[in-house]
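K.L.:
Sequence:
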Amino acid sequence: MITIDFEVTQGDGSGGSNHNARNTYIVQVKERDKVEILAENIFSYDVSALTQFEVSRLDSGNEKPEARFGKLKEFGSRLYRTLFNESIESVWKVYKEQNDFVVMCLRIHPKAKQLEILPWETMYDGKEFIAAGSCIGFNRLPLDIAPINDLAPLPKPLKMLALLSSPLDLVGNERLLIENEHDIILRAMNDPAGQGMLQVDFEDEAQLPIIENSLETPYSIFHYSGHGGIDSDKQGGLLLEDNDGNKRFTPVDEVIQTLHKGLRHFRLAVIAGCQTAKTLYASQFSDFGRALVRKGVPAVIAMQFSITDEGGLMLAETLYPKLAEGQSLEKALHTTRRKMLQSEHPHIQADALAAVSFIAGQDVLKTIDTPKESSYEDIHIDLGSTLTIPRLSFLFYGRRKEYRIIRDGILKNNERVIIVHGIGGIGKTSLVGHVIEQLGKNYKGLCFFDCRMGVLSPDMVLLQVHRELESKGIDVLKQVMNRCLSPEQLGGVMGQVLSQVPVLVVFDNFETQLKSLEEDNEAPITKVLPGSRGGFFKKSPWEIRDENLKTFLEALVKTTAKSSCYLFTTRYVFEIDERRVGMVRLLPLHDLIQTEALGL
451 MITIDFEVTQ GDGSGGSNHN ARNTYIVQVK ERDKVEILAE NIFSYDVSAL TQFEVSRLDS
511 GNEKPEARFG KLKEFGSRLY RTLFNESIES VWKVYKEQND FVVMCLRIHP KAKQLEILPW
571 ETMYDGKEFI AAGSCIGFNR LPLDIAPIND LAPLPKPLKM LALLSSPLDL VGNERLLIEN
631 EHDIILRAMN DPAGQGMLQV DFEDEAQLPI IENSLETPYS IFHYSGHGGI DSDKQGGLLL
691 EDNDGNKRFT PVDEVIQTLH KGLRHFRLAV IAGCQTAKTL YASQFSDFGR ALVRKGVPAV
751 IAMQFSITDE GGLMLAETLY PKLAEGQSLE KALHTTRRKM LQSEHPHIQA DALAAVSFIA
811 GQDVLKTIDT PKESSYEDIH IDLGSTLTIP RLSFLFYGRR KEYRIIRDGI LKNNERVIIV
871 HGIGGIGKTS LVGHVIEQLG KNYKGLCFFD CRMGVLSPDM VLLQVHRELE SKGIDVLKQV
931 MNRCLSPEQL GGVMGQVLSQ VPVLVVFDNF ETQLKSLEED NEAPITKVLP GSRGGFFKKS
991 PWEIRDENLK TFLEALVKTT AKSSCYLFTT RYVFEIDERR VGMVRLLPLH DLIQTEALGL
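All residue numbers for the sequence shown refer to our numbering, where the first residue is 451 and numbers rise by one.
Treat the hints with care, since some could be wrong.
[Said to hold, decoys possible] Taking lysine-lysine pairs in the BS3-like style, the calculated list, with each CA pair at most 27 angstroms apart, reads:
no. : residue 1 : residue 2
1   : Lys609    : Lys894
2   : Lys745    : Lys789
3   : Lys781    : Lys577
4   : Lys543    : Lys514
5   : Lys521    : Lys480
6   : Lys514    : Lys577
7   : Lys851    : Lys891
8   : Lys1012   : Lys1000
9   : Lys1012   : Lys894
10  : Lys781    : Lys609
11  : Lys563    : Lys521
12  : Lys891    : Lys922
13  : Lys891    : Lys711
14  : Lys862    : Lys697
15  : Lys891    : Lys1012
16  : Lys928    : Lys1008
17  : Lys789    : Lys546
18  : Lys711    : Lys577
19  : Lys862    : Lys1008
20  : Lys928    : Lys894
21  : Lys891    : Lys609
22  : Lys965    : Lys922
23  : Lys563    : Lys745
24  : Lys1008   : Lys922
25  : Lys781    : Lys484
26  : Lys484    : Lys543
[What the hints assert, rightly or not] Here are the computed distance ranges between Cβ atoms for each label pair:
no. : residue 1 : residue 2 : range
27  : Lys891    : Lys745    : 22 to 32 angstroms
28  : Arg472    : Thr817    : 43 to 53 angstroms
29  : Glu997    : Arg933    : 19 to 29 angstroms
30  : Glu760    : Arg531    : 30 to 40 angstroms
Hints in this document: simulated from the structure, not taken from any laboratory. For each residue, glycine too, the CB sits at the ideal point set by N, CA and C.
Hey, can you work out the whole structure from these sequences and the hints?
P.N.:
What follows is the structure, given as structure tokens:
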């Protein structure tokens, strides 16, 4: 792979030119890291309000896809004829013929930054788009940013943080189906060709403190899916979330400040629309991309046009598997653009030209094999042959509001018990499984009990918690294993231990351990008033069947003052403690909202 720089400066007399007009520019063609000028061209271009209007019409909208694609080709032809003269065309032809893959890097000087608004990715030479040519890669790099040639290889696997922003108060078509993006990225991670190359952590709460805390882990790839925006001051930014999960427009400078912890680790940042046709304005996302590159991020991909649902889907499902296979970023993006351009759908063809890539480094994601080190994520959790943590096959769909309630309850409000209740098949186990995957790293141990396997007993809980802690080198419960303690005493002792050693304990399908206090064994849960900690409730028509288990759990919850948390899923609401001792939340699962239900 060889890179050819097209360096664009304003016509101020440099390069032997006497052109000083404000709208006159000089482009000089050089091979990367060489000073020899292979060819040059002096051209004029007036970037006016009319130009910006014309560029805005190239974005997706109500116009027919065929007409839009035709306009992109027409505009791109004019851009090509502006930048290329016969001398440059001749040099360019030689490099294409002599190399299997050649990268064109457009390098615009800050004094000519008004040219950045132009969609150079649409350049069309009469046969093909330069950015999606058969053997051509295309990217940008501001001329005042030096290429990075000494990037050290990264250890496998590449670590990626996927930030998926879809505020809860978005309505109708504004809502983003972030689960699709989640699924696509997981498919890339699990693709056989890239097995072990990509490790992904997802964060779907796009709140500034949460994002900042997530960056305590060094990530090589940062991926953002969500809406872009522009405020009344015409300042670009991202649509993130406030503390309640609702829309919060966040200017670029504030986003950069929030990402500060992770910037020195990022090798690639992808700022993408998450299957949405909402406009991602060229100016702000270009500025955001350059801002990240100026902060030292070697490669950034951002969107200059709106991108359709189908286009966003194809971009993600092609780009990440190629990166996971070990393909260079330039070739992976080239493959992605080619696939989109060869689509039978005109709107996806146009989407092939939406991505703008700023690449400062060579082989930004090059990896090296290193001895595998054990980590918390690598520890196998042995919960016995009949007790296994539920694993989601690919995606967790919906229930984002309920997950946030659980997360805030555990991490912020010191809620010790959360009882998730609802009818069968409504997603209780999936929700708890998602909680385990997202919050498990905050605990020393994870214990999951599928209560359908039989009658649960205090000794069984003690044994499994002991095994889990012992596997982590913590044998504090060993001293009580063979002691004859009453259920209340055992619950008290374990509660004291779990107040010091954080363990997440899950009791799934707990309705199997309950008995009805009424003749109707299917007593509706509406007889209990849903609420949260400290609320007032009617007497529950269900209670724990086994008195020993009931006494044990009451003592366990009462004694656990902090650190550990107990999650229950059940069809029927029950009282863990009649006196409501401790921080207890009842969380009912209702139907999905219409958009989520239709998407599912």
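K.L.:
Indicate, hint by hint, whether the structure satisfies it.
P.N.:
Hints, one by one, checked against the model:
1. Lys609 to Lys894: holds (22 angstroms)
2. Lys745 to Lys789: With Cα atoms ~32 angstroms apart, Lys745 and Lys789 exceed 27 angstroms; violated.
3. Lys781 to Lys577: holds (20 angstroms)
4. Lys543 to Lys514: violated (34 angstroms)
5. Lys521 to Lys480: violated (31 angstroms)
6. Lys514 to Lys577: holds (23 angstroms)
7. Lys851 to Lys891: Answer holds: Lys851 to Lys891 is near 21 angstroms, not above 27 angstroms.
8. Lys1012 to Lys1000: holds (21 angstroms)
9. Lys1012 to Lys894: holds (14 angstroms)
10. Lys781 to Lys609: holds (20 angstroms)
11. Lys563 to Lys521: holds (24 angstroms)
12. Lys891 to Lys922: holds (13 angstroms)
13. Lys891 to Lys711: holds (19 angstroms)
14. Lys862 to Lys697: Given pair Lys862, Lys697 holds - Cα atoms ~21 angstroms apart, limit 27 angstroms.
15. Lys891 to Lys1012: holds (17 angstroms)
16. Lys928 to Lys1008: holds (22 angstroms)
17. Lys789 to Lys546: holds (20 angstroms)
18. Lys711 to Lys577: Distance ~45 angstroms between Lys711 and Lys577 Cα, so the pair is violated.
19. Lys862 to Lys1008: holds (19 angstroms)
20. Lys928 to Lys894: holds (17 angstroms)
21. Lys891 to Lys609: Holds, at roughly 16 angstroms.
22. Lys965 to Lys922: violated (36 angstroms)
23. Lys563 to Lys745: Distance of about 18 angstroms is within 27 angstroms: holds.
24. Lys1008 to Lys922: Cα-Cα ~25 angstroms, so holds.
25. Lys781 to Lys484: Measuring from Cα to Cα gives roughly 22 angstroms; hence the hint holds.
26. Lys484 to Lys543: Holds, at roughly 19 angstroms.
27. Lys891 to Lys745: 22 to 32 angstroms: For Lys745 against Lys891, whose Cβ atoms are near 27 angstroms apart, the range 22 to 32 angstroms holds.
28. Arg472 to Thr817: 43 to 53 angstroms: Because 47 angstroms falls inside the window, the suggested range holds.
29. Glu997 to Arg933: 19 to 29 angstroms: holds (21 angstroms)
30. Glu760 to Arg531: 30 to 40 angstroms: For Glu760 and Arg531 the Cβ distance comes to about 31 angstroms; the hint holds.
Hint check: violations occur at hints 2, 4, 5, 18, 22; the rest are consistent with the structure.
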